[in-house]
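Given next are the chains, with one letter for each unit.
Protein chains: 6
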Amino acid sequence: MRGFYIGRFQPYHNGHQHMVEEIIEEVDELVLGIGSADASHTVRNPFTAGERVMMVTKSVAPLDLTTYVVPIEDIDRNSVWVSHVRSMSPAFDVAYSNNPLVVQLFREAGVEVRGSPMYNRDELEGTELRERMRVGDRWEHLVPDPVVEVVHAVGGIERLRRVADTDANGDEAAVEAAEAAADEGGPDA
Amino acid sequence: MRGFYIGRFQPYHNGHQHMVEEIIEEVDELVLGIGSADASHTVRNPFTAGERVMMVTKSVAPLDLTTYVVPIEDIDRNSVWVSHVRSMSPAFDVAYSNNPLVVQLFREAGVEVRGSPMYNRDELEGTELRERMRVGDRWEHLVPDPVVEVVHAVGGIERLRRVADTDANGDEAAVEAAEAAADEGGPDA
Amino acid sequence: MRGFYIGRFQPYHNGHQHMVEEIIEEVDELVLGIGSADASHTVRNPFTAGERVMMVTKSVAPLDLTTYVVPIEDIDRNSVWVSHVRSMSPAFDVAYSNNPLVVQLFREAGVEVRGSPMYNRDELEGTELRERMRVGDRWEHLVPDPVVEVVHAVGGIERLRRVADTDANGDEAAVEAAEAAADEGGPDA
Amino acid sequence: MRGFYIGRFQPYHNGHQHMVEEIIEEVDELVLGIGSADASHTVRNPFTAGERVMMVTKSVAPLDLTTYVVPIEDIDRNSVWVSHVRSMSPAFDVAYSNNPLVVQLFREAGVEVRGSPMYNRDELEGTELRERMRVGDRWEHLVPDPVVEVVHAVGGIERLRRVADTDANGDEAAVEAAEAAADEGGPDA
Amino acid sequence: MRGFYIGRFQPYHNGHQHMVEEIIEEVDELVLGIGSADASHTVRNPFTAGERVMMVTKSVAPLDLTTYVVPIEDIDRNSVWVSHVRSMSPAFDVAYSNNPLVVQLFREAGVEVRGSPMYNRDELEGTELRERMRVGDRWEHLVPDPVVEVVHAVGGIERLRRVADTDANGDEAAVEAAEAAADEGGPDA
Amino acid sequence: MRGFYIGRFQPYHNGHQHMVEEIIEEVDELVLGIGSADASHTVRNPFTAGERVMMVTKSVAPLDLTTYVVPIEDIDRNSVWVSHVRSMSPAFDVAYSNNPLVVQLFREAGVEVRGSPMYNRDELEGTELRERMRVGDRWEHLVPDPVVEVVHAVGGIERLRRVADTDANGDEAAVEAAEAAADEGGPDA
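Protein chains in written order, with this note's numbering: chain Y, 1 to 189; chain H, 1001 to 1189; chain S, 2001 to 2189; chain F, 3001 to 3189; chain X, 4001 to 4189; chain P, 5001 to 5189.
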């Protein structure tokens, strides 16, 4: 059986890794879809798809599982998003997501979806991680080692601080909320 | 004489129906343009264009008027929006709208626009309707009967609640305001 | 039962009308999808979506059938085309098409498709019609009366000749073949 | 040496003009890139690219410098934005910007960037200018004379007020902040 | 009076220059629109918009005329093309073109168009020029001097030969014809 | 050292596999970019990106090499194509391609490119393979075993025949040539 797990992975962190470790109890192969693949250099989406491909591939390599890591560009149209995902991914039997919109879209399309009880926890952890990176708190212990390497190799901390300046007047949580609301038109998981 | 009336119709409600009943005093034929046709499965735009085509067509069928119900996808560029509308619609002599941006764009293009005195009332009623649907208040008496049927047939209430969860932390009015601001780049009436 | 019949309708002609007359033996309601709605002012697609909405609506009005006439913009991605169509159209139970790509895409998506034995005859008739318009042969007897009116009202013959000049060096059949091949990336029926 | 200076120029004002006067101490030729060229008729982007081409060209004409005024449409993808700019502009040796995202993108692409010490002052002045236009305060002394002419010729004040109404419930600063956040996906300088 | 002259200018050649010299008898200011601005690195469109901005600006500089050189990206939708052009260009009173599609679109939009008697001569000269560049014949005497400089500065001859190889099996005229046919969906003048 | 090898892989065949076997003499890690990822269900591009991800991943799994298999959607703009590729791929030191346009674009961007002496042989083999599939000749011995499995699992032969019918009047070579010419605006390798 093949599963599909989608996230923005900005960056890939221990919460994602634990979710993958749970999923592999249930599937033989796993597709990891990198959502909003076309986004980068923003507060919410600092890393490019290629950088995230690297983070994810290196982090799941030690696991005993056949994996596919597939960037999924936003298509800005909820009604065709499931077809878009399916065209980019090897065929899968079950999708994993905690994002209510993603769950709704897959269910309307007749795809089985499984989630974990913690609502949106991935998302919250991602926001906190990026905030720690920005203000200079420790973050390295919250992500798999290969992610630390990628972030440093691409100058990710400086990039994140610079783009956070663009959104300017301070309060990152407010900026992220506005950005999230502005994302309408396609799930970015 | 043929008129053109555009709205997002999320969903089509009694306020829209009354506007149509007023317009038919002035025209022989009426085009109903369904704005933001490509949007669906969001708090502000829960229903697909096809679902809205159904709501509108069934609701105006009893009226004594030749009608055309035409989905209009967003084109994300105010400066070409009027040309886009004209290419999708049978030719019309007068446009009906209360949206100031729509009025401005039609006037700059030399199209006659008529409105009603109540500023943006359609929009406010739509927001309240969706809020009632979400929290479980009565809403069925605020829309024509065929709309109730369509909403139930497509599982519209559950869908709306699920996508509202995605926008998460609660305050729907704030989410709608942010979404509306984010809509910049094309009128969605 | 509701059916869905898609064509480019450039222009809507007697072959289309006969197909509709056959379909209404089998369905209660019919959606007529106007493909390549965003195309106009070319040899293969001379008329705008709005002009075609008019042609089709007026031509099917005398038939005893509830109809919906819906422009469908090209989405340039075969893998999501069926989802796109479904989002723009009222829900349907069966699709009607003679276009092999359309048939294939609907079938892969689990939609029942019915066709007529004449392969691609709609398409061939459309090409011949446009050629007659261009060179000045009689064409009015090959289309329903409302189509004649629309073509004349919009100056369609002059438009067609002018855009055919753009493609220049003569042989319209060759131009159409090249244009058709160039259409790859989305069915335009 | 050729420089590149990008701004949205909504509208072009004395702050921009002073920046240009400083830049010409350092370069022989200057490309003025008009960002978000596809945006118009919004609170943050009231003027079309063509109107801004006019404002800028007429304002820099008296300066002793070879200039190129080039509209740059948004490309909604930070990772390719620099390549996009380079394809639209004559080749340049140094870029001028105070926008941290623009600075970051150019630096990652190996382009030299120079800025002025005042962080984002251009932007703040633009916001204030548009607010003055909207509420009826004096603004003409804050822009070069040709800008006054263009604004009046296109009915810019009325347009700005009308589109501000669309964003409705009042507080323009809040609207601009939300719009700015929603801009994610491409620098608009 | 301000005129608008659009071409792809791949490259700008003496035929274009002569046309400009005729036009300046009739207008005070001239906008030169660079069509298909987003295209480059193909047989039909070897040069980027920025390279063409340079060619045109330097070539018209000696003429006694106020000029604006404006890249116009393709918008792939004939029905909105005129609005798109108008949004990117300073307002103009008359358009100059020999392209029948461009003429038709401007006329349907109520814009005055003037042409020269030679049908499509610009286009034919462009094709021949590119063929000369490709096979190694003399071409420098057919373009203004600044164009020679730009072509050499960007390695244009080698680029053209390389991309011609991509289209492979030889006959460039056939490739250009197929490409031209494939361009449907927007005038590229 | 990490290499990047791009192809459309429609389907992945022994020619590609041999190229990969040569490349791994020179690199430690290899990114396989799947070009035209958004195309499917056409004569030239019968398989979806997801199906090709499967073909390639399974075929290179036995090789002693760390690989990344990354779908790359077309971006329809040669001038930003390299940036697009880089944003989707882990960073690479050298690109492998025999496509002259791809070579030219990488070189203009300062990326080292290596090719093999056989010009466009990959491409020719792909065309012949699809022709064999269409007419019913043996093709299975020309591709790695996992490709045979994928093609059969998705009903690839029937799909290819059906879409070839759409392009109708017979001569597949002509159709492919026209389609290839129509591809202008982005390398699809």
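These aren't lab readings, by the way, just hints derived from the structure by calculation.
Each residue gets a CB set at the ideal place from its N, CA and C atoms; glycine is no exception.
Hints may be right or wrong, so weigh each one.
Estimated spans, in silico, between C-beta atoms of each pair [what the hints assert, rightly or not]:
| id | chain 1 | residue 1 | chain 2 | residue 2 | range |
| --- | --- | --- | --- | --- | --- |
| 1 | S | Pro2062 | X | Glu4021 | 26 to 34 Å |
| 2 | X | Val4135 | Y | Ile157 | 51 to 59 Å |
| 3 | H | Ala1091 | S | Asp2137 | 36 to 44 Å |
| 4 | Y | Pro62 | H | Asp1137 | 46 to 54 Å |
| 5 | H | Asp1137 | S | Leu2063 | 23 to 31 Å |
Here are the simulated DSS-like cross-link-like pairs (lysine-lysine), alpha carbons at most 30 Å apart as the crow flies [said to hold, decoys possible]:
| id | chain 1 | residue 1 | chain 2 | residue 2 |
| --- | --- | --- | --- | --- |
| 6 | S | Lys2058 | H | Lys1058 |
| 7 | Y | Lys58 | P | Lys5058 |
| 8 | F | Lys3058 | X | Lys4058 |
Pulled a few chain F residues facing chain H out of the computed Cβ check, cut under 10 Å [to be verified]:
| id | residue |
| --- | --- |
| 9 | Thr3066 |
| 10 | Thr3067 |
| 11 | Glu3158 |
| 12 | Val3163 |
So, Glu3158 (chain F) near chain H? Judge it on the closest CB pair being under 10 Å.
holds (8 Å)
Mind checking the alpha carbons of Lys2058 (chain S) and Lys1058 (chain H) for me, to see if they're no more than 30 Å apart?
holds (18 Å)
Looking only at beta-carbon atoms, does the pair Pro2062 (chain S), Glu4021 (chain X) fall within the given range of 26 to 34 Å?
The hint (26 to 34 Å, Cβ to Cβ) is violated, given that Pro2062 (chain S) and Glu4021 (chain X) are roughly 59 Å apart.
Taking 10 Å as the limit, does the beta-carbon of Val3163 (chain F) come near enough to a beta-carbon in chain H?
holds (5 Å)
Does Lys4058 (chain X) lie within 30 Å of Lys3058 (chain F) when you go C-alpha to C-alpha?
Judged against 30 Å, a Cα distance of about 18 Å means the pair holds.
Has the hinted range 36 to 44 Å been met by the Cβ atoms of Ala1091 (chain H) and Asp2137 (chain S)?
violated (27 Å)
Assuming the hint says 23 to 31 Å, is it satisfied by the Cβ distance from Asp1137 (chain H) to Leu2063 (chain S) or not?
42 Å Cβ-Cβ, so the 23 to 31 Å window is violated.
Keeping to a limit of 30 Å between CA atoms, is the pair of Lys58 (chain Y) and Lys5058 (chain P) held or broken?
Holds, because 18 Å separates the two Cα atoms, which is no more than 30 Å.
In this structure, is the beta-carbon distance linking Val4135 (chain X) and Ile157 (chain Y) contained in 51 to 59 Å?
holds (53 Å)
Status of the hint placing Thr3067 (chain F) at chain H (closest C-beta pair under 10 Å):
At 24 Å from the nearest chain H Cβ, Thr3067 (chain F) fails the 10 Å test, so the hint is violated.
Per the hint of 46 to 54 Å, is the separation of the Cβ atoms of Pro62 (chain Y) and Asp1137 (chain H) within bounds?
With Cβ atoms ~52 Å apart, the hint holds.
Would the hint on Thr3066 (chain F) stand, with a C-beta cut-off of 10 Å toward chain H?
violated (29 Å)
In the structure shown, a violation is registered for the earlier hints numbered 1, 3, 5, 9, 10, in ascending order.
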